[in-house]
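Here is how the chains run, residue by residue.
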Amino acid sequence: MPLPTPSPALRPSAVDARGWGWRYAGRHAWAVSDLDLHITPGERILLLGASGAGKSTFLQGLAGVQGGEEEGEETGTLLVDGVDPGTTRGRAGLVLQDPDSQVILARVGDDVAFGCENLGVPRDLIWPRVRHALAMVGLDVPLAHPTAALSGGQKQRLALAGVLAMQPGLLLLDEPTANLDPDGVREVRASVARVLDETGATFVVIEHRVDVWKDLVDRVVVLGPAGVIASGRPDVVLGEQRAFLAAEGIWVPGAPVTAPARATDAAGPVLVSTDRLTIGRSAAAPVRTDVDVAVAAGEVLAITGPNGAGKSTLALTLGGLLKPVAGRVQAAPALADGAHAAPSRWTSAQLVARIGTVFQDPEHQFLTGTVRDELAVGPRVLGVPPAEATRRIDALLERLRLDRLAAANPFTLSGGEKRRLSVATVLASRPRVLLLDEPTFGQDFRTWQEIVALLRELADDGTGVVAVSHDEAFVRALSDREYALAGITVADGAQR
Amino acid sequence: MTAVAGGPAQAQAQARAVGMQGVNPVAKLIASLLLAAVLVLSIDWVSAAVALACESVLFVFAGVRPRTFVLRTAPIWLAAPAAGVTTLLYGQAAGQVYWSFGLIHVTDGSISLAVATALRILAIGLPAVVLFITVDPTDLADGLGQVLRLPARFVLGGLAGLRLVGLFLDDWRALELARRARGVADGSGLRRFAGQAFALLVLSLRRGSKLATAMEARGFGAPGERTWARPSVFGAREWALVCVGLLVALLATAVSVATGNWNFVLG
Chain F
47 MPLPTPSPAL RPSAVDARGW GWRYAGRHAW AVSDLDLHIT PGERILLLGA SGAGKSTFLQ
107 GLAGVQGGEE EGEETGTLLV DGVDPGTTRG RAGLVLQDPD SQVILARVGD DVAFGCENLG
167 VPRDLIWPRV RHALAMVGLD VPLAHPTAAL SGGQKQRLAL AGVLAMQPGL LLLDEPTANL
227 DPDGVREVRA SVARVLDETG ATFVVIEHRV DVWKDLVDRV VVLGPAGVIA SGRPDVVLGE
287 QRAFLAAEGI WVPGAPVTAP ARATDAAGPV LVSTDRLTIG RSAAAPVRTD VDVAVAAGEV
347 LAITGPNGAG KSTLALTLGG LLKPVAGRVQ AAPALADGAH AAPSRWTSAQ LVARIGTVFQ
407 DPEHQFLTGT VRDELAVGPR VLGVPPAEAT RRIDALLERL RLDRLAAANP FTLSGGEKRR
467 LSVATVLASR PRVLLLDEPT FGQDFRTWQE IVALLRELAD DGTGVVAVSH DEAFVRALSD
527 REYALAGITV ADGAQR
Chain Y
134 MTAVAGGPAQ AQAQARAVGM QGVNPVAKLI ASLLLAAVLV LSIDWVSAAV ALACESVLFV
194 FAGVRPRTFV LRTAPIWLAA PAAGVTTLLY GQAAGQVYWS FGLIHVTDGS ISLAVATALR
254 ILAIGLPAVV LFITVDPTDL ADGLGQVLRL PARFVLGGLA GLRLVGLFLD DWRALELARR
314 ARGVADGSGL RRFAGQAFAL LVLSLRRGSK LATAMEARGF GAPGERTWAR PSVFGAREWA
374 LVCVGLLVAL LATAVSVATG NWNFVLG
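Protein chains in written order, with this note's numbering: chain F, 47 to 542; chain Y, 134 to 400.
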């Protein structure tokens, strides 16, 4: 496709960090210290390191969005093209992880133009830049298209276009694909490859999933608590540092997944089943009809399918959280245990004892101010004696490596810790059926393995496990059966 | 890409062709404020009735479909008689008393006050709704920033925050389901609501701070003059609308004063 305007005159940036360090105001430990790193113009770098090694802090420093002295304390020097990035804008463009919180305006064209406006680009130059940036990332929608109607992958490409329109010499991506499904990951990677080939911009990306970017970068840099641990050609660094990186939760290509397949003859009696079920968020908007699926004790059922196919809606309906639009969800007598046969008719307390649901966004289900209190909610609702409740909670804290964090606020945890806590809160009430919506979304390798091991253990103990997942490796490693929902072509199919 | 080659300028020109759609939101804001400012100065039925009569004629030319008009102005049609009845029963007593029960007094004074109040709410509310159902928030922000020269930081911060409202609705629904799943949705309605509202507040603060970082990463708040990608024009149409608003307000006042009904509330 011919691009609407010739390639912008873009000068790739050089980065020079010497003994650079940053400490956030009010923190004791330095987020980054003693960082020495030189990046030549046009170089493409994959930045790896343990969580907490200060990778994001470094990127924000390069983007100059860290704020002034009231936000934290700086040592050493950090220069982009010889100047302090905090004093200029527009040399570096930063794309962050969460697609939803990067959309700024209501229309696609306006959103891309936003950065140009802030930099004071004259109006007649803005719109050619906007069209060119959208063409580069391959987002082929009208300028007036509503940003709310974009998929996750499209939103990330929109954010990329918004940054490109500012014509930065340095492109910074902070886990840009962590919250995307496999199609979204492919879209974003292809866009970035095209952009780099055309602009020649200097490029730094942080990502747990090494294989996404490995072939696009010239150099891999591994950060540790005190500066650079390793730096060099991707295959060399990944080879030498394989064990260290895998232990730090990074998805190194070819790392062994220590998860032998489950025996598939373990399934026991059926606990929940559906009968010509029609599902939908509301009766006015059914997404799928004639769903017949059953969950047995001791099995892992994976619900798969493309975005918008109704996977989450099906899980929420099975879990008694959404009412069937038509047809029935039926709990077997062994599960209902004296309650109504339809889970959607149960009280909240009856539900928590029988079916546990782990939501895609853990933050939606946190109720209290500490990790320990969070785990105590379920047992208290069920009237579990305090001594027994304490025993259960301590066991879960230890099993999911949350014991050191027992007094921490759930909202301050890292992504992996939040996920482990949200699973633990549900397990504390010991439901016989466990439903999980994308349990491995955005998780590092270590948490991923822990979740797989834990779910296998639960299924072996007779729990019926249902997981909605895009994650092919997860489905392969764990599921006994797969219920695949085909894509449907109503509306735009853009919504999740 | 050819479909968008015309760009926003062309789209805007098309929009300008139909009724109130293309008029700068700032003009709509000024016209509504002028009308309201004059009508709140007096509580009499004549000024409100004259304003309402003029407006009824103008609504025909506003380019709003009757169905849309009825649906969107419904709250005002409900609020006006409700306020009228309240004034009728509890308004300041004067003249002959028709009915009295406890604190309730229906008198000559409260009847005329009730009519004046109901008409006034219609006369201020209906044009405001008609003018604003066609306002796009982005266009309003452009106008506030370029025409009224309000600080860009304030105007665009508000605009970006507005977009989060849609996400709050999704969050609220998710919180509702999550609380049922956690076993805490059985208790009393009020306590549940309060807890959930607090959770939403926490989530929205987090979303807000993430959005602020994303905006800053795009140079928001950069030193130097900001430009505006979309022109916000304040031309003949806009001045005409402001003049119409002013004329209606002046006519209403003049008739009211001439017939001796004007009662200045601050006087």
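By construction, these hints were calculated from the structure, which means they are not laboratory data.
All values reported here derive from a predicted model rather than from experimental measurement.
Be aware that one or more of the hints could be misleading.
25 Å max Cα-Cα, derived SDA-like pairs, lysine to any residue [what the hints assert, rightly or not]:
hint	chain 1	residue 1	chain 2	residue 2
1	F	K464	Y	R359
2	F	K464	Y	G354
3	F	K464	Y	R339
4	F	K464	Y	L300
5	Y	K343	F	K260
6	F	K260	F	E518
7	Y	K343	F	A454
Results for each hint:
1. K464(F) to R359(Y): Distance ~40 Å between K464(F) and R359(Y) Cα, so the pair is violated.
2. K464(F) to G354(Y): Outside the cut-off at roughly 33 Å; violated.
3. K464(F) to R339(Y): Cα-Cα ~15 Å, so holds.
4. K464(F) to L300(Y): This hinted pair holds, its Cα atoms lying about 21 Å apart.
5. K343(Y) to K260(F): At roughly 28 Å apart (the allowed maximum being 25 Å), K260(F) and K343(Y) break the hint.
6. K260(F) to E518(F): Satisfied, since the Cα-Cα distance of roughly 20 Å is no more than 25 Å.
7. K343(Y) to A454(F): holds, 21 Å
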